[in-house]
Amino acid sequence: MSNDILFFAEFSAGKPARSALELAAGAAELASQSGGAAVALAYGPGAADGAAGLGAHGAARAVVLGDEDRPAITYAPAAVAAARDGGLAVLAPATPNGRDLAAALVGTLHLPAFGPVRSARMRDGTLETEQATLQGSVITTSTPAEGAPTPSVVLVLANTFTPVEGGSGSAEVSQASGAEKSAFTKATVAESHEADARVVNLEEASIIVAGGRGVGGEEGFAPLRDLAAALGGAVGASRAAADAGWIPYQLQIGQTGKVVKPSLYIGAGISGAIQHRVGMQTAEHVVAINRDPDAPIGEFADLFVVGDLFQIIPALTEEIRRRKEA
Amino acid sequence: MKIVVCIKQVPATGADKRYTDDLRLDREGVEAIINPLDEYAIEQALRLVDDGTVESVTYLSMGPEQASEALRRALAMGGDEAVLVTDPALAGADEWATAKVLAAALDKLAPDVALMGMASDDARGSLVPGAVAAMRDLPLLSYGAELVLADGSARVRRLSATGYDWISAPLPVVATVTDQVGEPRYASLKGIMAAKRKPLETWSLDDLGLTGDELRGAALTRVTDARPPEEKSPTERLENLPAAEAATKIADWLAARKLI
Numbered sequence: 001m002s003n004d005i006l007f008f009a010e011f012s013a014g015k016p017a018r019s020a021l022e023l024a025a026g027a028a029e030l031a032s033q034s035g036g037a038a039v040a041l042a043y044g045p046g047a048a049d050g051a052a053g054l055g056a057h058g059a060a061r062a063v064v065l066g067d068e069d070r071p072a073i074t075y076a077p078a079a080v081a082a083a084r085d086g087g088l089a090v091l092a093p094a095t096p097n098g099r100d101l102a103a104a105l106v107g108t109l110h111l112p113a114f115g116p117v118r119s120a121r122m123r124d125g126t127l128e129t130e131q132a133t134l135q136g137s138v139i140t141t142s143t144p145a146e147g148a149p150t151p152s153v154v155l156v157l158a159n160t161f162t163p164v165e166g167g168s169g170s171a172e173v174s175q176a177s178g179a180e181k182s183a184f185t186k187a188t189v190a191e192s193h194e195a196d197a198r199v200v201n202l203e204e205a206s207i208i209v210a211g212g213r214g215v216g217g218e219e220g221f222a223p224l225r226d227l228a229a230a231l232g233g234a235v236g237a238s239r240a241a242a243d244a245g246w247i248p249y250q251l252q253i254g255q256t257g258k259v260v261k262p263s264l265y266i267g268a269g270i271s272g273a274i275q276h277r278v279g280m281q282t283a284e285h286v287v288a289i290n291r292d293p294d295a296p297i298g299e300f301a302d303l304f305v306v307g308d309l310f311q312i313i314p315a316l317t318e319e320i321r322r323r324k325e326a
Numbered sequence: 001m002k003i004v005v006c007i008k009q010v011p012a013t014g015a016d017k018r019y020t021d022d023l024r025l026d027r028e029g030v031e032a033i034i035n036p037l038d039e040y041a042i043e044q045a046l047r048l049v050d051d052g053t054v055e056s057v058t059y060l061s062m063g064p065e066q067a068s069e070a071l072r073r074a075l076a077m078g079g080d081e082a083v084l085v086t087d088p089a090l091a092g093a094d095e096w097a098t099a100k101v102l103a104a105a106l107d108k109l110a111p112d113v114a115l116m117g118m119a120s121d122d123a124r125g126s127l128v129p130g131a132v133a134a135m136r137d138l139p140l141l142s143y144g145a146e147l148v149l150a151d152g153s154a155r156v157r158r159l160s161a162t163g164y165d166w167i168s169a170p171l172p173v174v175a176t177v178t179d180q181v182g183e184p185r186y187a188s189l190k191g192i193m194a195a196k197r198k199p200l201e202t203w204s205l206d207d208l209g210l211t212g213d214e215l216r217g218a219a220l221t222r223v224t225d226a227r228p229p230e231e232k233s234p235t236e237r238l239e240n241l242p243a244a245e246a247a248t249k250i251a252d253w254l255a256a257r258k259l260i
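Here the protein sequences come in this chain order: A and B. The numbering of the first sequence is the working numbering, which starts it at 1 and goes up by one. The numbering of the second sequence is the working numbering, which starts it at 1 and goes up by one.
Hints are computed from structural coordinates only; laboratory data are not their basis. Quick caveat, the model's predicted, so the values are computed rather than measured. C-beta atoms are modelled at their ideal positions from N, C-alpha and C, and glycine is treated no differently. There's no promise every hint is true.
Unchecked claim - Partial list, derived from the structure: chain A residues whose beta carbon lies under 10 Å from chain B:
#: 1; residue: 138
#: 2; residue: 146
#: 3; residue: 184
#: 4; residue: 301
Claimed, not checked - Some chain B residues close to chain A (C-beta under 10 Å, calculated; not the full set):
#: 5; residue: 66
#: 6; residue: 68
#: 7; residue: 72
#: 8; residue: 73
#: 9; residue: 86
#: 10; residue: 89
#: 11; residue: 103
#: 12; residue: 163
#: 13; residue: 219
#: 14; residue: 230
As the list claims (entries may be wrong) - Distance condition first, Cα-Cα at most 30 Å in a straight line; then the derived DSSO-like pairs of lysine-lysine:
#: 15; chain 1: A; residue 1: 181; chain 2: B; residue 2: 2
#: 16; chain 1: A; residue 1: 261; chain 2: B; residue 2: 198
#: 17; chain 1: B; residue 1: 249; chain 2: A; residue 2: 324
#: 18; chain 1: B; residue 1: 258; chain 2: A; residue 2: 261
#: 19; chain 1: B; residue 1: 249; chain 2: B; residue 2: 232
#: 20; chain 1: A; residue 1: 186; chain 2: B; residue 2: 108
#: 21; chain 1: B; residue 1: 108; chain 2: A; residue 2: 261
#: 22; chain 1: B; residue 1: 249; chain 2: B; residue 2: 108
#: 23; chain 1: B; residue 1: 2; chain 2: B; residue 2: 108
#: 24; chain 1: B; residue 1: 258; chain 2: A; residue 2: 186
#: 25; chain 1: A; residue 1: 186; chain 2: A; residue 2: 261
#: 26; chain 1: A; residue 1: 181; chain 2: A; residue 2: 15
#: 27; chain 1: A; residue 1: 181; chain 2: B; residue 2: 108
#: 28; chain 1: A; residue 1: 261; chain 2: A; residue 2: 15
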């Protein structure tokens, strides 16, 4: 058993996902506490060429699981082979792909699972994680049980770790050793479709302007887009707005959509139901604009503005543009 | 074609939840419901029955004896029979142990599709379906907005970063679906009456050929502390302001936090 900390690094279109850079920083932090190395498990289009570059973000080594555009779960057998080589923990992003790969490790190698966690550290050689459970009503601390097998599998929420920028190291790259035979490789992409509208990956946005039922319709999102553009952020939505067809499901925030942790979240016309709240409650700053002075979001927002979003948001956009130009 | 839908009984959304002194979820006197996201898996299975693709639907749950209430409720929505795996040795089961038990039960039931919700309301790790697939060496088709079964294979429509894909694998599979499959049906009065006569079996670990030792105390993880969340700083409120003034104040607030 080594003291290494492994992490999944997803690539698409030749670039590492933001989660890969965050987990590289997290793995490096934990590895410095455990006395091991941060090791990337890199997969997806661009992984072979880009794996060495993860060294600039904290990885000492990188194992390339594969470089093709296929379902993430098909990389599970190669990940299992890499995790069998040892390590104290494997960090996986709390995204659908990250969860699929993490689950494959847990089920194949019979490993303890943690998360989604909001923090993780090594304390006296033992992993310790912290997570919000029961819709955020309880915070728990967990460790592996006495004598549990390693590595521990840890699902990590977005923005739990901050990427290391401006580094210059290069990770030592190797290819995954012989993957074991597994039914996971039988999943194939039968068809691929682009969304009707251009969508951004909300999990990577540091500022999000989200709209809900109160936005009233597809055209009601126009002022939100203007505000997001002025702030350099992205537009998201509640499930109500996505269900109504006002905005693509890829932009839905909440329990069944994206879980986001931006530095600024502005919710407009969103009541703040628990299902939405669990998708954004770890945002650093929450501003809510709502007509209803009793909207639940008013109870957990940092700044709650009671009023008409169609008047306030354009005025705010204008004010921000004015200040940025000044 | 046969589907087994795995469901979990969870505390009702908004119910007062707490941990016991031994750091387990206190289920005493807490209103319990079918995990809301599992209802979409039930709905997906029943739609496949409605269109003639699937002949039988069995529900499977692991939990304390009172979880049979959740199974009866599911049977009231439709489907044929239910199995509850319950055993004192399973108290405090973690995701690995839960997967191990469900995998053993699914080995006995041998469905074409083991179908689950995308997450549970209480823990939200979403690791059980994939771990079950690994233990049974079956393909995993996860996060389907829709599940289609045809020609010996299963397909799910899954959102991608920029659109959606249809992911396909040969049967049998483990699959999970999201809340996009459509609103779960209500149990009719007739359905509730019919559910009372549908078979509901109870299995112990013995029945599955598993021992408490194999399950390592039902958990590879240990909760060392449970506490209420940190108090957040009080909300600042802006009310009854003209739009321009509200905008200036919001911009000031953002600037003070270096967000603009």
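Tested hints:
no., hint, in the structure
1, 138, "holds, 5 Å"
2, 146, "holds, 8 Å"
3, 184, "holds, 6 Å"
4, 301, "holds, 5 Å"
5, 66, "violated, 18 Å"
6, 68, "violated, 23 Å"
7, 72, "violated, 24 Å"
8, 73, "violated, 20 Å"
9, 86, "violated, 22 Å"
10, 89, "violated, 15 Å"
11, 103, "holds, 8 Å"
12, 163, "holds, 4 Å"
13, 219, "holds, 6 Å"
14, 230, "holds, 8 Å"
15, 181/A - 2/B, "holds, 26 Å"
16, 261/A - 198/B, "violated, 46 Å"
17, 249/B - 324/A, "holds, 16 Å"
18, 258/B - 261/A, "holds, 17 Å"
19, 249/B - 232/B, "holds, 21 Å"
20, 186/A - 108/B, "holds, 23 Å"
21, 108/B - 261/A, "violated, 42 Å"
22, 249/B - 108/B, "violated, 64 Å"
23, 2/B - 108/B, "holds, 13 Å"
24, 258/B - 186/A, "violated, 49 Å"
25, 186/A - 261/A, "violated, 34 Å"
26, 181/A - 15/A, "holds, 28 Å"
27, 181/A - 108/B, "holds, 24 Å"
28, 261/A - 15/A, "holds, 21 Å"
Of the numbered hints listed earlier, those contradicted by the structure are 5, 6, 7, 8, 9, 10, 16, 21, 22, 24, 25.
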